Structures are given as C-alpha cells and as structure tokens.
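Listed in order, the protein sequences are those of chains F and B. Residues in the first sequence are numbered from 1 upward in steps of one, following this note's numbering. Residues in the second sequence are numbered from 1 upward in steps of one, following this note's numbering.
No lab work stands behind these hints, which were simulated from the structure alone. Take these hints with a grain of salt, some might be off.
Claimed, not checked - Straight-line C-alpha distance at most 27 Å; calculated DSS-like pairs for lysine-lysine:
#1 F:K180 x F:K374
#2 B:K39 x F:K55
#3 F:K193 x B:K170
#4 F:K366 x F:K241
#5 F:K366 x B:K170
#6 B:K207 x F:K94
#7 B:K39 x F:K94
#8 F:K347 x F:K269
#9 F:K193 x B:K184
#10 F:K180 x F:K284
#11 B:K207 x F:K57
#12 B:K184 x F:K154
To be verified - Below, a sample of chain F positions facing chain B; criterion: calculated Cβ distance under 8 Å:
#13 L96
#14 S99
#15 A100
#16 R110
#17 L111
#18 M126
#19 K165
#20 P195
#21 D365
All figures in this text were calculated on a predicted structure; none of them were measured in a lab. Backbone N, C-alpha and C define an ideal beta-carbon position, used for all residues, glycine too.
Single-letter residue listing:
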Amino acid sequence: MQFTKKILIVGLALVLLVSLVAGCGQKPATEQKQEQAPAQQQEQQQSQQATETEKIKIGLVFDVGGRGDLSFNDSAYAGLERAQKEFGDKIEVKYLEPSAGGENREQLMRLLAEDGYNLIFGVGFMFTDHIAKVSQEFPDVKFGLIDGAIDGLKEDSNVSCLLFKEQEGSFLVGAAAALKSKTGKVGFVGGMKSPLIERFEVGYLAGAKYINPNIGTMVDYIGTTGDAFKDPVKGKELALKQFKAGADVVYHASGASGIGVIEAAAGEKKLAIGVDSDQSLTAKEDQRKYILTSMLKRVDVSVYNTIKAYLDGNFKGGYQIFGLAEDGVGYAVNDYNKDMISDIQPKLEELKQKVIKGEIKIPMDKKEYEEFLKTLSK
Amino acid sequence: MNNRFKIILLRLLSPIFAIFLAALISSLVIVFIHQNPLKVFVTMFSFSFRRIDSIAIILYNATPLIFSGLAVSVGFRMNLFNIGVEGQYLMGAFLAALVGFSIKGLPAFIHLPLTILSAIVAGALWSFLPIYLKVKKGVHEVISTIMLNYISFSVIHYFIADLLMDKSQKMLNGLGSPLVRMPKLMPTALMPRMREFLNMFGFNIPKHVYLNWFFPLGILLAIGIYYMLMRTPFGFELRAVGHNPDAARTSGIKPEKVYFMGFILSGAIAGLVGLSDLLGYFGYMDLDFPRNYGFNGIAVALMGQNSPIGIILSAILFGFLNRGAEGVQTFLNVPMDTVIILQALMIISIVIITKVMNDYIKRMEKREVSKNASGRTAGVQL
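With the hints as extra help, turn the sequences into a complete structure.
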C-alpha cells in the first residue's frame with residue numbers, strides 16, 4: 001500500500017519535473033524571441049496594419065450572464081453579429097464577460113480601450129459609472145452605454161447613451177392584450193421591482209385601459225433582486241395565479257423568468273406576451289401558438305446603428321433615444337402569430353401613429369399613470 | 001539530518017508542483033478549445049507581472065480575501081465552520097455604508113474609523129445568534145449561518161431597493177435605468193488609496209488602481225492573529241478547544257466561553273471583508289455589491305492551511321488568477337467560462353498536492369521519530 005503510494009508520488013514528481021523542464025526550456029525561448037526583435041516586430045505589425053487598411057476594432061462587454069440569456073445580452077450580441085456580417089472586412093469585434101460578481105466591469109472596459117479598441121459597448125445600466133470614468137481616461141475612444149444615462153453629455157462627447165422608450169412598446173402590447181381578452185382581465189408579471197420594469201408595467205396597463213377603461217388588471221413582481229430575472233418557477237407560479245383569477249392574456253417583463261410565464265400560458269391554453277426579443281422564435285414548438293406577440297426592445301438595432309454611424313464618421317455623443325418612431329421598440333409579427341394578430345393589427349398601427357404624433361401621452365411611472373386614468377374617464 | 005533536509009525541500013517544492021500539475025491539466029482544456037496552452041500561460045503571467053498596474057490590482061483583489069480567509073480560519077482553529085462570513089461581511093458593508101452616507105460633517109479621522117468600527121460591530125452582531133444557539137442549544141453553526149446568509153441578502157436588498165435607494169439620480173426624460181443603490185458615502189468616510197504613497201517611492205501606479213490602505217491593514221491583522229494564536233493565553237485556549245474540547249475542559253478551559261469569544265472575533269473580522277471595495281472603490285452600496293468573498297474565503301483558508309501567512313499567499317494567488325483571467329480573456333479570446341475552469345483546476349490541484357505532500361511529510365517525520373526512538377531504546381538495551 002505504502003509502496004504503491006510512493007511510486008505514485010515519485011511518478012507524479014517525475015511528470016511534474018519533466019513539465020517543469022519543458023516549461024522552463026520553452027518559455028524563455030519565446031520571451032527571448034519577443035525581446036530580440038521588439039522593434040522589428042512593431043514595424044512589422046505597423047506595416048501589416050497599414051496593408052490591412054487598419055480595421056476598426058469594436059468591443060462589447062456583456063453584463064453578468066453573458067450570451068445565451070435569450071433576451072438582453074443576446075440581443076446586443078445580435079447587433080454586433082449583424083455589423084460583423086455587413087462590414088466584415090472593415091471591422092474586428094471582440095466581446096467579454098465580467099466575472100460572476102461583475103466587479104471587474106470597469107477593468108474590462110479599460111483593457112479594451114488600452115488595447116486600441118475604437119468603439120466599446122457596455123451592455124446594461126450597471127456600466128453607467130464605469131463608462132463615466134473610463135471615457136474620461138480615453139477621450140479618443142467612443143463608448144456606447146445601453147439603458148444607462150450619464151449626466152451632462154453633449155453631442156461631441158465620446159459617450160453615446162442608448163435609451164429605449166419601453167413604455168411605448170408596452171402600450172401597444174397592452175392594447176393588443178385588451179383587444180384579445182375575452183374575460184376582460186389581463187395580467188402583468190414583472191421581474192425585479194425597479195423603475196425600469198415599472199415603465200413596462202404602466203405602459204402596458206395604460207395600453208389596456210386605453211382600449212377598455214373597465215378592463216381588470218393584475219400585477220405581480222417576482223422579486224426585488226437581480227435573481228428575479230432568472231426564476232422561471234416563480235414566473236410560472238405567478239402567471240398561473242393570474243390565469244386562475246380570470247386573466248387570459250399575461251405580459252411578462254422578467255427576462256429568463258418569462259420562460260415560466262409562457263409555459264403557464266401553454267399549459268392553461270391562454271395567451272402570453274413576450275419581451276425584449278421575439279420570443280415566438282425561441283419558444284418551444286408547441287408553445288408558439290400561445291404567444292400573442294412580443295414587445296420588441298431592439299437593443300440589436302441600437303448597437304448596429306451606433307457601429308454604422310461610427311463607420312460612416314457620424315458617431316454622435318449624448319443620448320440616442322429609441323422609441324416607436326425610431327423602430328427601437330415595437331411588437332412582433334411572425335409566421336406563428338400572424339393569423340392570431342392580423343385582425344387587430346390595423347388598430348395597433350393606428351395607435352402607433354397616434355403615439356408617434358404625440359396624440360397619446362403614455363405614462364412612465366405610477367404617478368403619471370394615475371393622471372392618465374383620469375384623462376381616460378373624461 | 002538528510003531526511004530533515006528532504007522535508008524542508010518538499011515543503012518548499014509542493015506549491016510549485018501544484019502549480020505545474022494545474023498547468024498540465026488546464027493545458028488539456030486549453031488545447032480542447034484550440035488555443036496554444038503555452039501562449040495562454042505566458043500571457044497570463046506576463047500580463048500579471050510585467051505591468052505595475054496588474055501587480056497592484058492583484059494585491060487589491062487579494063485584500064478582501066485576506067480578511068475573509070482570516071475570519072474563516074479563526075473558526076477552523078476552534079473546529080467551527082463559519083460559513084456565514086458571506087452574510088457577516090454584507091451586513092458589515094451595509095452598516096458601514098449607512099454610517100458613511102448618513103452622518104455628515106465629521107472630520108475624516110473620526111468618520112473613517114467610525115465607519116470601519118460599525119462594519120466590525122455589524123459582523124460581530126450577525127455572528128452572535130449562531131454561536132449563542134450553538135453554545136446554549138447545540139444548534140449546528142453551519143445550518144444557522146447558512147440561513148442567516150439568506151436573511152442578510154434579503155434584508156440588505158430590501159433596504160437598498162426599497163427604503164434607502166438614492167432617488168436623486170438623474171435620468172434623461174425618465175428613460176434608461178438608475179442604479180439600484182444607496183446614496184454615495186461622504187468623502188470623509190472613504191479609505192485613501194495607496195497610489196500617491198507608493199508613487200513617492202518611484203512606483204508609477206496609474207490612477208485606475210484602487211489598491212488602498214486596507215491591504216496593509218489586512219497584513220497587520222494577519223500578523224496580529226498569528227500573535228494572538230501563538231503567544232496569548234486566549235490563543236492557546238482557542239487551539240486547545242479546537243484540538244479536543246473535552247481535554248481542554250478537564251484542564252480548566254471553558255470551551256463554551258472560548259467558542260463564543262472566538263466566533264464573535266471571526267464575525268468581527270468578517271465585517272471588514274467588503275470595506276476595501278466599499279470604501280476604496282465604489283463609494284456606495286448597490287444591489288450588485290461584490291458577492292462570494294465569504295465562500296472564497298473558505299477556499300483561501302483551506303489552501304493557506306489556516307496559517308495567517310498561508311492565507312495572505314493564497315489570497316494573492318486568487319488575486320493573480322482573477323487578474324490573469326482578465327488578460328487572457330481580453331488578449332487571447334479565451335472565453336470566460338474556460339477561464340473559470342482554469343481557475344478551479346488550479347485551486348483543486350493545489351489543494352490535492354499540498355494534501356498529498358503533507359501526508360507524505362508527516363509519514364516521513366513519524367518514521368524519523370520512531371527511528372530515533374528505537375535507536376534510543378536500542379542504545380539503552382546495549
């Protein structure tokens with residue numbers, strides 16, 4: 001027993017020694033190479049870059065969770081991907097993901113800036129303070145901040161805040177819900193209780209009440225933390241509760257928790273409304289006919305447009321606002337829901353035009369919603 | 001003599017073996033994602049140690065882990081498992097943030113110590129219930145501290161998101177989203193950075209390095225803990241209770257009292273964990289405040305074998321792994337998930353190698369002792 005252990009240990013030590021020797025033998029060699037001709041290398045690189053007509057480098061830092069969240073981060077990535085497809089030879093892209101706690105968001109942004117990236121995106125409002133700092137250190141680098149607003153930017157600033165009028169898109173799907181509801185009750189399931197998600201809520205409720213001032217509404221939130229965006233079990237539970245209480249259309253603004261809401265709708269044979277991206281396309285086959293539509297928040301469009309503007313030399317600092325008029329938000333029509341939604345589409349388009357013209361003022365928080373209700377009753 | 005030399009050599013070599021074993025296994029992973037392992041490691045090391053900002057950032061990364069490793073190790077020394085460091089440090093950071101923003105008009109030399117003190121108090125208070133239950137009712141500390149972790153997360157979230165959220169943040173026409181955070185701390189409550197001090201000695205540390213005076217404080221605390229454990233009666237009692245509470249009791253030590261004091265001490269240290277980030281970097285407490293330092297502290301304490309010096313070194317190793325990961329991700333396109341696998345592999349292989357080596361050394365020592373002993377008896381016989 002002891003003998004075999006000894007052999008094991010000696011063997012292990014040998015393996016390690018070999019790797020040590022190999023490692024020691026090779027590492028300095030590569031380093032030497034680097035040191036031998038740093039000047040040459042630099043020249044080479046420069047000439048290479050020159051011949052490649054200097055690709056524009058575009059970086060993107062996801063928020064915690066990264067790709068594969070089927071909503072926010074993925075949408076940003078889609079914009080980056082589209083830009084890469086269209087301007088493939090002109091740009092070089094790279095995307096990074098912060099550590100689990102997200103505490104290195106700022107360092108990652110800075111590393112990209114140091115590495116010569118020309119345009120860098122921070123996906124999510126958590127980047128607000130970090131971009132505010134890093135953008136001052138690198139005045140020649142341009143930054144795109146999604147969903148966050150830094151105070152006091154001007155058109156010649158190097159930061160562009162990409163903001164969305166979520167309430168406008170939510171207003172339209174709220175109207176759609178009210179038009180489709182037979183029970184006269186509609187529901188909303190929010191993720192984390194925050195001013196941002198509240199904007200989805202009041203926009204939706206306003207849309208429903210605009211169509212039918214007597215409609216019954218139910219509102220539930222999954223939680224008060226970021227975890228509320230990845231809790232499909234609770235999402236399903238809350239949606240089931242609303243369906244049982246008589247709602248027949250439920251809209252969710254809860255990220256990955258919404259998978260549960262859609263499941264509940266399919267189980268109860270009622271309707272769900274997706275959010276951020278067109279969720280009919282990512283839902284399971286048998287669930288698709290229970291998704292009335294999705295409120296689109298075109299993060300991809302905002303990323304793509306910003307890249308395009310940069311390449312055309314039209315990058316504008318300050319605030320880019322994406323509402324119905326800019327096609328930054330909207331409702332989804334696809335192969336799966338077009339029969340379901342075709343009869344109400346003219347009405348939705350009419351409302352859309354009214355919103356764009358400013359004939360309907362959509363509330364953005366609870367207080368404005370109360371006022372909105374008062375104007376309806378008149 | 002020969003053997004003793006061997007033992008010392010083995011002790012010195014074991015971490016190096018561990019790192020190479022880790023490198024070997026992770027090379028396979030790297031080859032698997034079609035990257036050159038050698039290039040990855042060279043990047044990791046050169047990015048981490050050839051840049052002055054990286055070195056300082058590694059120390060900054062290590063700072064909270066030194067505190068949490070120490071907090072956990074004080075528990076381990078008594079054979080208690082304080083898995084509640086996570087909750088204790090969040091409560092500490094929360095109370096510090098509260099004191100930091102709500103009290104105005106104090107000079108820094110009062111406000112900063114007061115803020116730090118409040119973190120210590122919060123950590124100690126949050127460890128009071130589990131140890132009280134343990135000593136009085138025999139409730140296992142692992143269960144109660146885990147549950148208190150959950151409670152602390154929720155309580156803090158409630159305060160940050162509902163009661164104390166900073167409503168003064170401006171939004172453009174109500175669009176975008178404000179940070180879900182408490183008001184910013186007064187400048188008098190913030191910990192100065194070490195940058196200016198270090199730059200006086202000719203270092204050229206850039207502005208974005210948040211290394212602050214909590215790092216030397218952590219080192220001092222480690223030395224203090226070492227002294228306390230090895231040179232004071234309380235430290236002796238603490239170790240005695242950890243080895244064998246019954247034996248300690250028969251020799252006149254009250255294990256309950258030692259458990260109580262020791263655990264509260266552990267909680268008090270835990271209260272300090274989040275302060276380097278709170279007072280040295282963010283300057284506010286938000287929903288996204290760094291998590292997991294408490295759990296990582298368990299790994300740090302285990303790797304450092306509960307010795308204060310070992311804890312400092314393993315905290316620095318963790319700091320290096322995090323910084324190296326940033327470099328590898330940025331410059332070589334290695335995805336974050338692979339980097340996390342590499343980090344975990346490194347930690348596991350270090351734990352395994354040190355364990356194997358320690359067992360081997362112990363057996364050698366034993367053999368040496370028995371050889372000496374038998375030699376002596378043989379001598380007597382002769």
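Each hint, compared with the structure:
no., hint, in the structure
1, F:K180 x F:K374, "holds (24 Å)"
2, B:K39 x F:K55, "holds (24 Å)"
3, F:K193 x B:K170, "holds (19 Å)"
4, F:K366 x F:K241, "holds (23 Å)"
5, F:K366 x B:K170, "holds (18 Å)"
6, B:K207 x F:K94, "holds (25 Å)"
7, B:K39 x F:K94, "holds (19 Å)"
8, F:K347 x F:K269, "holds (25 Å)"
9, F:K193 x B:K184, "holds (21 Å)"
10, F:K180 x F:K284, "holds (22 Å)"
11, B:K207 x F:K57, "holds (25 Å)"
12, B:K184 x F:K154, "holds (25 Å)"
13, L96, "holds (6 Å)"
14, S99, "holds (7 Å)"
15, A100, "holds (7 Å)"
16, R110, "holds (6 Å)"
17, L111, "holds (4 Å)"
18, M126, "holds (6 Å)"
19, K165, "holds (7 Å)"
20, P195, "holds (6 Å)"
21, D365, "holds (7 Å)"
In terms of the numbered hints stated before, the structure departs from none.
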